[in-house]
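Participant: Given the structure of chain L, go ahead and fit chain E onto it with the hints provided.
Here's the letter readout for the chains.
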Amino acid sequence: MFGRLTTEAFFHEPSQNGAVAGMVIMGALLLILITWTARWKWLWKEWITTVDPKRIGVMYIVVVLIMFAKGFADALMMRLQQFLSVGDSSGFISASHFQEIFSAHGTTMIFFVGMGVIFGLMNLIIPLQIGARDVAFPFLNALGFWLFASGGLLTLISLAIGKFSTAGWLAYPPLSGIEYSPGVGVDYWIWAVQIAGIGSTIAGINFLVTIMKMRCPGMTYMKMPIFTWSCLCAVVLIILAFPVLTATLVLLTLDRYLDMHFFTSYGDGNPMMYVNLIWAWGHPEVYILILPIFGVFSEIVPTFSEKRLFGYASMVWALIMITILSYLVWLHHFFTMGASPYVNSFFGIMTILIAIPTGVKIFNWLFTKFRGRVHFTSPMLWFFAFVLNFTVAGMTGILLSAPPVDYQVHNSLFLIAHFHGMVIGGVLFGFFAGFTYWFPKFTGFFLDEKLNLYAFWCWFLGFLVAFMPLYMLGFMGATRRLDHYEASTGWHPIFAVVAFGACIILCGALIQFFGLFWSIKIRKRNWDHSGGDPWNARTLEWSIPSPPPIYNFAIIPTVDQRDPLWAIKRGQAPKTEKIYEDIHLPVNTPIGLYIGMFATIFGFAMTWHIFWLAILSLSGIITTAIIRLSLRDKHETISADEVKKMETLQNRNEPL
Amino acid sequence: MSRPLTLHHQDTLEAHPDTRVPDPHQDVFSTTTFGFWVYLMTDCLLFATFFVTFAVFHDRTFGGPSPKDLFDLKTVFIETMVLLFSSVACGLALLSSLKLEKTKVIIWMAVAFLLGASFVAIELKEFTHLVHEGNSWERSAFLSSFFTLVGTHGLHVSVGLLWLMVMMFQVFWMGITALTFRRLSVFSMFWHFLDLIWIFIFTFVYLMGMV
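Going down the list, the sequences are from chains L and E. Once you know that position 50 of the first sequence is 49 in numbering that gives the first Met the number 0, the rest is easy, because the numbers rise by one and skip nothing. Once you know that position 75 of the second sequence is 74 in numbering that gives the first Met the number 0, the rest is easy, because the numbers rise by one and skip nothing.
Only chain E is shown next, with the shape it has when bound in the complex:
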């Protein structure tokens, strides 16, 4: 059962006859992952634009509160850890899928899901807190750019959660095939990418906002 698989030749494996019949000139796994890398680069530019906007507007507070008055580093640190451990769980799911251990894959995906969901919950709580204190996105250009940048990341995580949920069902029904493995690898790229973006948000928005 636990036959070792070579990552980059998923499609040519006889073990998975149920997937697309490979064309000799197309390697589906490498094409898809490369294509997804390119997509991530476009997403990266989307975030880059929001980062630039934040950089331009971070001190334009219109007489309202500045980053120092608003952020609580302790919460943000917990948020960061939760998201990073969600990525660890996602990585473990991928490792288990290499060993074709279906149950373990689903368990680790569920862990990744729960951690990701708690991240979104903490973020939403932070946002509601800000809005309740009268510091919503309508207050100043700084707060507009803050909510947009951090909110876009949160939206990405939420979409990721939906994706994770759909994939848990897929792994459950289809098992670990070249198809589900491919989607799992692509998802893990997405999840790690969001981590990376968060590290930048943590540094540029929260840490640098405190100094």
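Here chain L stands alone, though its shape is the one from the complex:
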């Protein structure tokens, strides 16, 4: 009846029980709070059923915050374990639970934090930057979000019911095959990633069409803001890479469920085929995460330097070069596979080549500041920290791209230091910069700048203390995923420093969480009275009130140059007549949520081999989709008069 699901699945070791209790209590508190404040109806009408990309963007960020808290707790537990588990002491986590933790940490941070950050920013910014009222496929956009959330939920469920994968964040076979991982862990991983991955493909299609089809009149490709350009490149990568992930996971699933022989060591299968395929997705994925962040900094640096971006065309070509090259380097993740020296050298050289367009971008940002009027706001500080971290991590990446060097430090903590420099120093710092920068656009008030600065210094210094020593440990021979080592290695003091660094980062993260709520509480004090353009910025999203009205633009703008708002402020823009028109917007629908819920149940049922439930939920998905397709497209109309009324109200801009 319940497949492999027995009561045993609910019992865990003490450290995990604590986490489960915490999660359940937090969830229960949240539900009580919503009921207490009678917010259910509001939540349902304004958020859960919404198809407005601004709202969906915020929901992505909320999921990111939850998943970040989980992934970060995983990281802290690993560092604490490595600090404690020396010589005779075995720490506070068992070896098998430690494996679950590092698998969950990687999966959570890449799929549910990294991807969530990227799609959150895309939803919030792209329609506003290209002067559009909506995205191309509002319903698919909502569906993409709910599938993403569904995958995240499945990861959280695995914490409480059963076990998560112990096979690492990419689940290499034969370890992840049915023979060596007969439990439910890998299945949880497969379905969580598969569901979220399909959501990403859907969201990627939506944004490609949005950028290509819905730009406002006059915005040719070479007049698009760089953030939009970087997202265009990222969605091209998503569209070309995520189907490969889907297919690869299907093959692994078939190996595990139907006894096929793709990646098994018998039956003439070949585990290295999996490693090749997964990195054919995995390497572009790295650029999917970082390209939009390049875009964020390309918006922030000109704004806070009061100067137009240096080398716009070279920025665009650098993005395109990175997009193309990112497909030709996947093998550098496994030089040690033992391909011929010719193959390894080809991929080594291709990897080195990527440094060129990336270097072009760094220099362009630096030249943008040259003779500009630089404001040392917190987004700019994140930028400085980013340049430092990204350059260091980039240079160590170049070291790793030489196959002989890679053979020495493969799978060591040197590699961990390198890619955390990219992901934390790059993606995360960039997200924080963008979050601070665009926060007033969507709320109407600023984040508290003093707390921003405290958080920044904690993160920046904490990062250096927590990750720079890992380069040393890597050279000393410490491998990744290490839950125990001997005292005679002499690594203990360095691991202590690393654990201390992680605590400094924790302070930064706590200050940020607190700062968010504090800023909401004292919002009247930090209200933006500038009429929507607090930073003296250059692009279209700042030309409308904050927070933007539901239709974004009452009058669709016409642009004739790169920094349209700057042109308007300088009186160089073409005059548009203020004639309001009726605006048609799609109505809300809960169908995205329903499909997401069915997908969660389907993933859960497949994981536990409860096949009747899997069939039931799959037919639920199909039926819901058919119902959606049988309805006529419904739209609500905001009449020209109402638009006029809303515009005059918005422009008064008073604190709520």
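What the hints contain is simulated information worked out from the structure, not anything from laboratory work. Please note that the accuracy of each hint is not assured.
To be verified - Derived lysine to any residue pairs resembling SDA-like cross-links, with alpha carbons at most 20 angstroms apart:
1) L:Lys212 with E:Trp36
2) L:Lys212 with E:Val27
3) L:Lys212 with E:Thr30
4) L:Lys633 with E:Val210
5) E:Lys101 with E:Val149
6) L:Lys53 with L:Leu515
7) E:Lys124 with E:Val158
8) L:Lys633 with E:Thr30
9) L:Lys212 with E:Thr31
10) L:Lys212 with E:Met40
11) L:Lys633 with E:Thr31
12) L:Lys633 with E:Met173
13) L:Lys523 with L:Phe445
14) L:Lys212 with E:Phe33
15) L:Lys633 with E:Asp26
16) L:Lys212 with E:Asp26
17) E:Lys73 with E:Met164
18) L:Lys212 with E:Thr32
19) E:Lys73 with E:Val210
20) E:Lys101 with E:Met167
21) L:Lys633 with E:Thr176
22) L:Lys644 with L:Glu580
Unchecked claim - Listed below are several chain L residues computed to face chain E (Cβ distance under 10 angstroms; list not exhaustive):
23) Thr209
24) Val249
25) Leu253
26) Met259
27) Phe261
28) Ile621
29) Thr623
30) Ser629
It should be emphasised that the depicted structure is a prediction, and the values quoted were computed from it without experimental measurement. We treat Cβ as the ideally placed atom computed from N, Cα and C, and that holds for glycine.
Facilitator: Here is chain E on its own, set in the frame of chain L:
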């Protein structure tokens, strides 16, 4: 009744007041078809991955049968013809919809459905035959990749059949409107795409397997 329609301006036609009111900056028909093209490209990559896997594993038979021992080209040829003619019927349905001939549209869709269903039936028969002879997907990496590649195509055709069925009802109830026309065009893209994939399967899996 048979007023000629221009394909790309379905939404601005006054003849169909029942559909979405067009926003001056959005052309729903071209956005949807373009979006569906992009989806087809993602699907194409999914198949590309399975083709690559088949290419890698096609001679890894683990002592089991090789393509030469298994495939009967005559059946596969009939299968191919059935699928291609299903696409022809789908094309005729689309042409009739341009002339707003509702009954003809439904008839051609029914023909496309029947041919598509026979394709799936022949394929299933071939699969059961293989499994009965002890040559199932568990036998070797080659057979795993064969069943996955061809089976994924078959699954796509089956989903297409479900879609076709839903659409026959929609055309019956709603008539030929901008909405149903749009869905019909998108479906025909899907159906032709599956043809194309099948041509590649026919060539790479069956024909090249025989030499």
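Participant: Next pair to validate is Lys644 (chain L) with Glu580 (chain L); report whether the Cα-Cα distance is within 20 angstroms.
Facilitator: 12 angstroms, holds
Participant: Take a quick look at whether Lys633 (chain L) and Val210 (chain E) sit within 20 angstroms of each other, Cα to Cα.
Facilitator: The hint is violated at about 56 angstroms.
Participant: Are the Cα positions of Lys212 (chain L) and Phe33 (chain E) separated by 20 angstroms at most?
Facilitator: 9 angstroms, holds
Participant: Any CB of chain E closer than 10 angstroms to the CB of Leu253 (chain L)?
Facilitator: 6 angstroms, holds
Participant: May I ask you to test the interface hint for Phe261 (chain L) with respect to chain E, counting a Cβ-Cβ separation under 10 angstroms as satisfied?
Facilitator: At about 6 angstroms, which falls below the 10 angstroms cut-off, the nearest Cβ of chain E leaves the hint on Phe261 (chain L) intact, so it holds.
Participant: Given the hint that Lys124 (chain E) pairs with Val158 (chain E), does the C-alpha gap stay at or below 20 angstroms?
Facilitator: The hint holds at about 18 angstroms.
Participant: Compare the distance between the alpha carbons of Lys101 (chain E) and Val149 (chain E) with 20 angstroms, and conclude whether the hinted pair is satisfied.
Facilitator: 34 angstroms, violated
Participant: Does the structure keep Lys633 (chain L) and Thr176 (chain E) at a Cα separation of 20 angstroms or less?
Facilitator: 15 angstroms, holds
Participant: Would the pair Lys633 (chain L) and Met173 (chain E) pass a check requiring their Cα atoms to be no farther apart than 20 angstroms?
Facilitator: Holds, at roughly 15 angstroms.
Participant: Given Ile621 (chain L) as an interface hint, is the shortest Cβ-Cβ distance to chain E below 10 angstroms?
Facilitator: Hint on Ile621 (chain L): holds, closest Cβ of chain E at ~7 angstroms, below 10 angstroms.
Participant: Under 10 angstroms is the threshold here; is the Cβ of Ser629 (chain L) close enough to any Cβ of chain E for the hint to stand?
Facilitator: Constraint on Ser629 (chain L) satisfied, holds at 6 angstroms.
Participant: Is the straight-line distance between the alpha-carbon of Lys212 (chain L) and that of Thr32 (chain E) 20 angstroms or less?
Facilitator: 12 angstroms, holds
The earlier numbered hints that this structure contradicts are 4, 5, 17 and 29.
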